[in-house]
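Asks: These protein sequences, in sequence, are chains C and Y. The opening residue of the first sequence carries number 1 in the working numbering; numbering runs sequentially from there. The opening residue of the second sequence carries number 1 in the working numbering; numbering runs sequentially from there.
Keep in mind the hints are simulated off the structure, nothing from the lab. Mixed in with the good hints, there may be bad ones.
To be verified - To be clear about the criterion: a stretch of chain C counts as covered by chain Y if any three or more of its residues have a C-beta under 8 Å from a C-beta of chain Y, and this derived list gives those stretches: (1) 2 to 15; (2) 22 to 28; (3) 74 to 82; (4) 101 to 109; (5) 114 to 122; (6) 170 to 179; (7) 219 to 228.
Stated by the list, open to error - Just the calculated beta-carbon pair ranges, DEER-fashion: (8) 56/Y with 95/C: 28 to 36 Å; (9) 166/Y with 8/C: 21 to 29 Å; (10) 152/C with 12/Y: 15 to 23 Å; (11) 174/C with 12/Y: 19 to 27 Å; (12) 221/C with 179/Y: 45 to 53 Å.
What the hints assert, rightly or not - Okay, derived cross-link-like pairs now, BS3-like style, lysine-lysine, Cα gap no bigger than 30 Å in a straight line: (13) 116/Y with 227/C; (14) 89/C with 5/Y; (15) 185/Y with 8/C.
The beta-carbon is built from N, C-alpha and C at its ideal position, and this holds for glycine as well.
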Amino acid sequence: MIKNAAKKIYIILIFIFLYAPIFTLIVLSFNASRTRAKWGGFTVKWYVELFKNDAIMQALFNTLLIAFIASVTATIIGTIACISIMNLKKRTRALVIGITNIPMLNADIVTGISLMLLFISMGLRFGMGTILLSHITFCIPYVILSVMPRMKQLNPHTYEAALDLGAGPVYGFFKVVFPDILPGVLSGFLMAFTMSLDDFIITHFTKGAGVDTLSTKIYTEVKKGIKPEMYALSTLIFITVLILLLLVNKNPDEKTTKQLKSEKH
Amino acid sequence: MNKKKMLGTPYFIWSVMFILVPLGMVFYYGLTDKSGAFTFENISAITSPEHSKALFLALLLSLIATVICLLLAYPLAMILCSMNINQHSFIVLIFILPMWMNFLLRTLAWQTLLEKTGVINNILTFLHLPTLNIINTPYAIIFGMVYNFLPFMVLPIYNSLTKIDGNVINAAQDLGANGLQVFTKITLPLTVPGIISGITMVFIPALTTFVISKLLGGSKILLIGNVVEEEFTQASNWHLGSGLSIVLMIFIIINMVISTIFDKDGEGSVL
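I would like the entire structure built from these sequences, with the hints used as guidance.
Replies: Below, the structure is given as structure tokens:
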């Protein structure tokens, strides 16, 4: 009994630790006072102001657009790359996977700097394009990492059977292989989207003047003091994601849903 | 067969172009001076007092943060594992979810919580406990590192724990092993890939951070990450910045080698 209680208390403490800043930010978004230091009463005015603030709205739009384009592109390139990596000889495969892991294992600051130097030497103009190229680069490994295990579990004979029965390679892929790797593709996409959305360091080095994502905008605001509209915006984003995830995960028994899904296919 | 291999060509070109070539550029800049002549000066600059101090402090703080993460994460992963939650994705979600709130804002929120007159100190005073004055000190930086990188320690350990075959533990118990023996002889060795992967995922970002030290350490405490960042964004001395990055990469490479030795099959991956 005591052991179970101790376990529960430990988990609760860790969750307080993980979620305390989030709770703080939500509270601050309703704070009438402009400074973080004191509580000036309850207000929703920052939520109204937020939609009038063009700079923040533009940064939000940039952030979402970059995350979307980068994660979709990374998912397509990464998934296709997985097919071919599976067919490589053992040694080449190890080499390719090793290179793939570099952006994940390398420090963000080194990745950011190295891409910045590349773009400068290529004479590219810094802006949305350079941010996108960088984001796609660090998103691909997350896709490959989550699609690869699914590919390994595949039964190669089902695809061959489809080909024997007259399916073309593309048709066979989408009818036989794709449904089985879909969970991996989706989680890779989600992971890539999250990483792109939360990235600051790589964007910091590869963005040009004039283009801002939410992260870089917040960073420049740190010295002047964060605008309370930012708290309101991040609260809205967090709550939206929370609701979406709760809806997706509503069914408590994942296994039954998976079985249902596989029966459908 | 060949057609399938060809499918990977776009990615292979991409990875050479945007992973390998950029790293080559860092080495090129790090090993040359402004006139383009070969030099080791940018790398040996690490031995200057201010740079070596920043590197040493970064190493010390990130090592402490990694150890704290490991000590917090292992029991947590074991408890999560023993709770028998069918939903593997749910556990991952709980730890990924905070990432949807901006990383800079989350770290700034700790500033509010840790301040001298902040929320935590108000609670401590209310309880008649001594107050905590860690904001703008190295302790606050360690705190921020543990907060930001703890999920990256928990997830790989949790993953490797869930992969342990329950029969192995039952067999050990049947053969007379007690709880401690089961842990040291079975559980711990089988989760080494997860532990190593977790250490890599925490140590490298902690060692190279410049944001956490800037937000929670005041502007006085410089870590090696801050030095490199300033060389690129303020001093515009890319050669020196690249040279110091090469020094950082030595630690990163050591880390990669260790993680590939211990984790050959990618067992301890985050996902």
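Asks: Now tell me if each hint is right for this structure.
Replies: Here is what the structure says about each hint:
no. : hint                         : in the structure
1   : 2 to 15                      : holds (count 5)
2   : 22 to 28                     : holds (count 4)
3   : 74 to 82                     : holds (count 4)
4   : 101 to 109                   : holds (count 8)
5   : 114 to 122                   : holds (count 6)
6   : 170 to 179                   : violated (count 0)
7   : 219 to 228                   : holds (count 3)
8   : 56/Y with 95/C: 28 to 36 Å   : 35 Å, holds
9   : 166/Y with 8/C: 21 to 29 Å   : 23 Å, holds
10  : 152/C with 12/Y: 15 to 23 Å  : 20 Å, holds
11  : 174/C with 12/Y: 19 to 27 Å  : 23 Å, holds
12  : 221/C with 179/Y: 45 to 53 Å : 52 Å, holds
13  : 116/Y with 227/C             : 22 Å, holds
14  : 89/C with 5/Y                : 10 Å, holds
15  : 185/Y with 8/C               : 26 Å, holds
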